Amino acid sequence: MSALLNKKYLPFYATVLVFVAIFLIGGATYRNFLSMRVLGNILADNSFIIIAATGATFVILSGGIDLSIGSMIGFVGVSVAVLDSLGWDPLSSAILMLIFGFAFGAFQGWVIDSLDIQPFIITLAGLFLLRGLCFMVTVNAVPITHEWADLYSDIRIRLPGKGLLRSSAMVMLASLAVAIFIAHFTRFGTNVYAIGGDRESARLMGVNIRRTTVMVYAVAGFYSALAGVVYALYTKSGYPLAGNTLELSAIASVVLGGTLLTGGVGMVAGTLFGGMILGLISTLIIFNGSLNSAWILISSGVLLFGFIVLHRFLVSSFDIGNGR
Amino acid sequence: MQKETPQSAVTMRGIRKAFPGVQALDDVDFDLGASEIHALLGENGAGKSTLIKVLTGALARDGGEIALQGQPVEFASTGEAQAAGISTVYQEVNLIPAMSVLQNLTLGKTGGRFGVISWRRARAQAQEKLDRLGLKVDLDRALGSHSVAVQQMVAIARALDAETRVLVLDEPTASLDAQETSALFEVMRSLKERGISIVFITHFLDQVYEISDRLTVLRNGRKVGSGRTAETGRQELIAMMIGRELGEVEAAFAGERRAAEGEPVLTARNVGRKRLLQPFDLELRAGEAVGLSGLLGSGRTEMTKLLFGAIRPDSGTLEMRGKGRVGASPGASLEAGMALCPEDRKAEGLVGELSVRENIVLSMQAKRGWLNRVSRAEQEKIADEMIRALAIATPDAEKPVRQLSGGNQQKVVLARALASQPRILLLDEPTRGIDVGAHAEILVLIRKLCAEGLALLVASSEIDEVVSSSDRVVVLRDRRKIGEISGGEITRDNIVTMIAGNDG
Chain X
6 MSALLNKKYL PFYATVLVFV AIFLIGGATY RNFLSMRVLG NILADNSFII
56 IAATGATFVI LSGGIDLSIG SMIGFVGVSV AVLDSLGWDP LSSAILMLIF
106 GFAFGAFQGW VIDSLDIQPF IITLAGLFLL RGLCFMVTVN AVPITHEWAD
156 LYSDIRIRLP GKGLLRSSAM VMLASLAVAI FIAHFTRFGT NVYAIGGDRE
206 SARLMGVNIR RTTVMVYAVA GFYSALAGVV YALYTKSGYP LAGNTLELSA
256 IASVVLGGTL LTGGVGMVAG TLFGGMILGL ISTLIIFNGS LNSAWILISS
306 GVLLFGFIVL HRFLVSSFDI GNGR
Chain E
20 MQKETPQSAV TMRGIRKAFP GVQALDDVDF DLGASEIHAL LGENGAGKST
70 LIKVLTGALA RDGGEIALQG QPVEFASTGE AQAAGISTVY QEVNLIPAMS
120 VLQNLTLGKT GGRFGVISWR RARAQAQEKL DRLGLKVDLD RALGSHSVAV
170 QQMVAIARAL DAETRVLVLD EPTASLDAQE TSALFEVMRS LKERGISIVF
220 ITHFLDQVYE ISDRLTVLRN GRKVGSGRTA ETGRQELIAM MIGRELGEVE
270 AAFAGERRAA EGEPVLTARN VGRKRLLQPF DLELRAGEAV GLSGLLGSGR
320 TEMTKLLFGA IRPDSGTLEM RGKGRVGASP GASLEAGMAL CPEDRKAEGL
370 VGELSVRENI VLSMQAKRGW LNRVSRAEQE KIADEMIRAL AIATPDAEKP
420 VRQLSGGNQQ KVVLARALAS QPRILLLDEP TRGIDVGAHA EILVLIRKLC
470 AEGLALLVAS SEIDEVVSSS DRVVVLRDRR KIGEISGGEI TRDNIVTMIA
520 GNDG
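Chains X and E, in that order, give the protein sequences. Offset between the first sequence (1-based) and the working numbering: plus 5. Offset between the second sequence (1-based) and the working numbering: plus 19.
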């Protein structure tokens with residue numbers, strides 16, 4: 006299969022390789038690290054970041070950026086919690102918030118395209134706006150007490166070797182599967198790669214730039230809102246500062262997953278591994294016990310830097326970038 | 020004048036289109052016969068592209084009528100024109116290099132219910148498109164990893180579908196070498212046999228005679244003539260296009276070739292870089308024009324960039340008279356009085372969003388350093404001088420460069436280089452994508468600059484241009500300098516022989 010050896014998958018393979026390597030290093034250093042249990046926990050603990058990063062992958066593939074992710078997670082979290090205290094069930098409030106996320110993202114996308122403004126600044130405005138709204142909703146941490154929230158956290162599938170696949174991880178994997186389908190098997194997905202690869206050419210090739218851009222940010226908004234719901238149900242509370250700076254972790258996950266920040270090149274599946282690598286690092290440092298949490302950020306930074314350099318190298322040596 | 024018959028594929032009558040300050044098309048008629056290859060010729064800014072854009076629905080016309088096979092048509096978008104059977108391939112390959120050939124061929128053309136793509140169907144569809152042109156291309160490889168020629172073919176394959184009756188090719192051969200061009204012509208002929216009419220825009224006269232059945236010439240937005248290619252003489256054609264005979268200009272230059280006598284101002288010893296260009300020696304002298312000839316990929320561009328420092332050499336030394344060693348970086352080269360006009364003006368030469376004035380003063384400002392600002396009045400003076408001296412066709416100096424035609428953009432690149440008052444000027448393909456008229460003007464300019472004591476290096480893919488404008492010619496083959504000829508030795512045949520490698 007020549008398709009499997011396709012050069013454009015090299016960054017993806019590199020990501021998977023790094024993930025496996027870190028996992029093995031952890032296994033060699035600490036007892037019990039190399040287990041389904043740790044893997045299941047990493048999946049669950051990082052599910053909301055990976056969900057948000059999955060949405061962000063579309064944005065970055067299209068050549069844009071979304072900074073409103075973290076605030077969206079916070080806003081959705083407090084909204085679900087406050088609606089819970091008003092007697093709503095989590096399912097209804099989740100549906101409402103997903104619609105809100107989709108609409109909010111669509112609006113951002115529409116502004117970006119119709120007014121031709123850099124996505125950075127529009128979504129930065131979204132970041133401030135949504136974070137402000139968080140504090141309008143509540144300034145306190147609000148618990149979620151509905152019985153369906155307990156039901157949600159009780160759903161789990163046993164994995165071999167004492168591992169558990171929790172509901173958050175299941176939601177994450179399902180939403181990832183949907184995203185992979187959208188990216189690679191729909192006209193919309195191909196259009197996203199096209200406008201990220203060369204916007205002007207895409208326009209001449211008949212791609213509807215406006216509709217695609219609006220949809221890209223709508224999808225990202227939807228995934229951010231979903232991440233917010235998962236986060237709220239996982240922690241069973243809403244807190245107005247939740248998700249602060251999480252957009253940057255999401256972007257880091259996307260880049261670690263092999264997607265070029267310039268757009269047009271990358272894979273949604275890579276984002277899963279990108280997010281898992283970040284999760285692995287923090288787990289490793291927690292396992293160590295003697296290192297403080299500053300090391301999580303330091304090693305994430307070093308890894309991110311190393312990866313960008315590796316990408317640069319791969320792109321220039323194997324012609325997988327945008328250049329002709 | 021061609022009669023309107025049901026035989027004609029496209030009839031355009033009295034087309035008018037104005038842009039701010041310019042009447043781009045003025046009462047233009049255009050007839051495209053059934054299954055013919057029709058060359059559309061004209062200088063830069065003559066209105067070729069505008070006419071095509073009106074035909075394909077990319078621009079709305081101000082007046083006139085268009086009929087497709089006798090039926091009046093009105094296209095609001097390129098999509099509608101495409102649906103009616105008019106396909107266009109633009110000058111620059113407008114595809115997406117990072118995506119696979121398969122995706123490029125089928126983007127926007129596949130998708131079943133809910134926009135879900137069946138890659139199996141898309142693959143069959145793409146294969147069919149390639150088969151239609153008899154192409155064999157790996158569908159899964161990224162488009163950008165193929166040569167420009169293949170990308171061009173893919174662009175044509177994409178444009179064609181079963182319903183296509185009219186195909187518009189805008190300068191398809193601009194970046195192809197001879198072999199690739201003949202492969203393209205092969206494809207064009209077979210399409211013609213299948214009843215497709217082709218509008219072929221080019222500035223290569225040889226190609227016009229080789230491939231086209233009829234031709235139409237535009238000048239300054241008006242149609243100046245059309246007819247059967249076989250019945251139109253070359254002199255007549257050039258006369259239609261520029262109203263004077265180019266041959267004279269070129270002959271005059273060839274006659275005044277001088278021996279090298281000026282002081283050497285730039286000396287390259289053993290300069291080279293692995294995989295790009297083998298180490299070479301070269302001397303540029305004041306008042307002398309040196310031509311750089313070779314096939315596509317022989318290292319022409321690389322040589323100009325190595326001399327300028329845009330590519331860092333990994334061997335050898337570059338010395339400039341009175342300045343010592345140079346060539347470390349473009350900034351240092353500019354500082355020392357060297358200037359380069361790059362080949363790809365879109366990507367490397369110009370800042371499209373900036374105005375003509377701003378582009379012209381860019382490198383001048385860089386040379387002076389950022390603290391010593393060129394005053395606005397001075398900028399305007401220099402820009403106006405340059406616009407006049409080089410006859411840049413622009414309503415004023417404040418127009419964004421992006422909106423100028425190709426030839427005029429090239430003149431802006433040249434103006435910018437000249438504004439920094441260099442002692443050494445390196446020109447890479449100064450006439451690429453430029454029509455005959457501007458071509459002659461630029462040759463005149465090259466001569467004039469030389470007479471003023473400038474040392475010139477002109478890299479060109481057109482042998483005749485090298486022959487007519489150089490005092491000395493450096494010949495490259497396979498990324499290696501294979502020789503230098505000067506004076507009476509500079510003939511087309513000699514250069515061809517050297518490039519072909521027959522001299523051993």
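Since the hints were made in silico from the structure, they are not lab data. Quick caveat: nothing in here was measured; it's all calculated off a predicted structure. Backbone N, C-alpha and C fix where the C-beta goes; we use that ideal spot for every residue, glycine too. Take the hints with a grain of salt, since some may be wrong.
Here's a subset of chain E near chain X, in silico, CB distances under 8 Å, partners left out [stated by the list, open to error]:
no.: 1; residue: Tyr109
no.: 2; residue: Asn113
no.: 3; residue: Leu114
no.: 4; residue: Pro116
no.: 5; residue: Ala117
no.: 6; residue: Gly127
no.: 7; residue: Gly134
no.: 8; residue: Ile136
no.: 9; residue: Ala161
no.: 10; residue: Leu224
no.: 11; residue: Val227
no.: 12; residue: Thr248
no.: 13; residue: Ala249
no.: 14; residue: Ile330
Cut-off 20 Å, straight-line C-alpha distance, at most; resulting in silico cross-link-like pairs (SDA-like, lysine to any residue) [what the hints assert, rightly or not]:
no.: 15; chain 1: E; residue 1: Lys128; chain 2: X; residue 2: Asn213
no.: 16; chain 1: E; residue 1: Lys128; chain 2: X; residue 2: Leu169
no.: 17; chain 1: E; residue 1: Lys128; chain 2: X; residue 2: Phe190
Results of checking the hints against the structure:
1. This hint holds: Tyr109(E) has a C-beta 7 Å from the nearest C-beta of chain X, less than the 8 Å allowed.
2. Among the interface hints, the one on Asn113(E) holds; its C-beta lies about 4 Å from the nearest C-beta in chain X, closer than the 8 Å criterion.
3. Interface hint status for Leu114(E): upheld, as the beta-carbon distance to the closest one in chain X is roughly 6 Å, under 8 Å.
4. Against a cut-off of 8 Å between C-beta atoms, the interface hint on Pro116(E) holds, since the closest Cβ of chain X lies about 5 Å away.
5. For Ala117(E), the interface hint holds, since its Cβ comes within 8 Å of a Cβ in chain X; the closest pair sits about 4 Å apart.
6. The beta carbon of Gly127(E) comes within 4 Å of a beta carbon in chain X, closer than 8 Å, and the hint placing it at the interface holds.
7. Because the closest C-beta pair between Gly134(E) and chain X is about 4 Å apart, less than 8 Å, the hint holds.
8. Annotation: Ile136(E) was flagged as interfacial toward chain X, and the flag holds, the nearest CB pair being 5 Å apart, inside 8 Å.
9. Because the closest C-beta pair between Ala161(E) and chain X is about 6 Å apart, less than 8 Å, the hint holds.
10. Hint status for Leu224(E): violated, given a least beta-carbon distance of 28 Å to chain X, over 8 Å.
11. For Val227(E), the shortest C-beta to C-beta distance to chain X is roughly 26 Å, which exceeds 8 Å, and the interface hint is violated.
12. With its C-beta approaching chain X no nearer than about 30 Å, Thr248(E) sits outside the 8 Å limit, and its interface hint is violated.
13. Given hint, Ala249(E) at the interface with chain X, is violated; its Cβ is 35 Å from that chain's nearest Cβ, farther than 8 Å.
14. Evaluation of the Ile330(E) hint against chain X yields a violated restraint, the C-beta minimum of about 14 Å exceeding 8 Å.
15. Distance hint between Lys128(E) and Asn213(X) is fulfilled; the C-alpha atoms sit about 12 Å from each other, no more than 20 Å.
16. Restraint check for Lys128(E) and Leu169(X): the C-alpha separation of about 44 Å exceeds 20 Å, so the hint is violated.
17. At roughly 14 Å between alpha-carbon atoms, Lys128(E) and Phe190(X) fall within 20 Å of each other, so this suggested pair holds.
Checked against the numbered hints listed earlier, the structure breaks hints 10, 11, 12, 13, 14 and 16; every other hint is satisfied.
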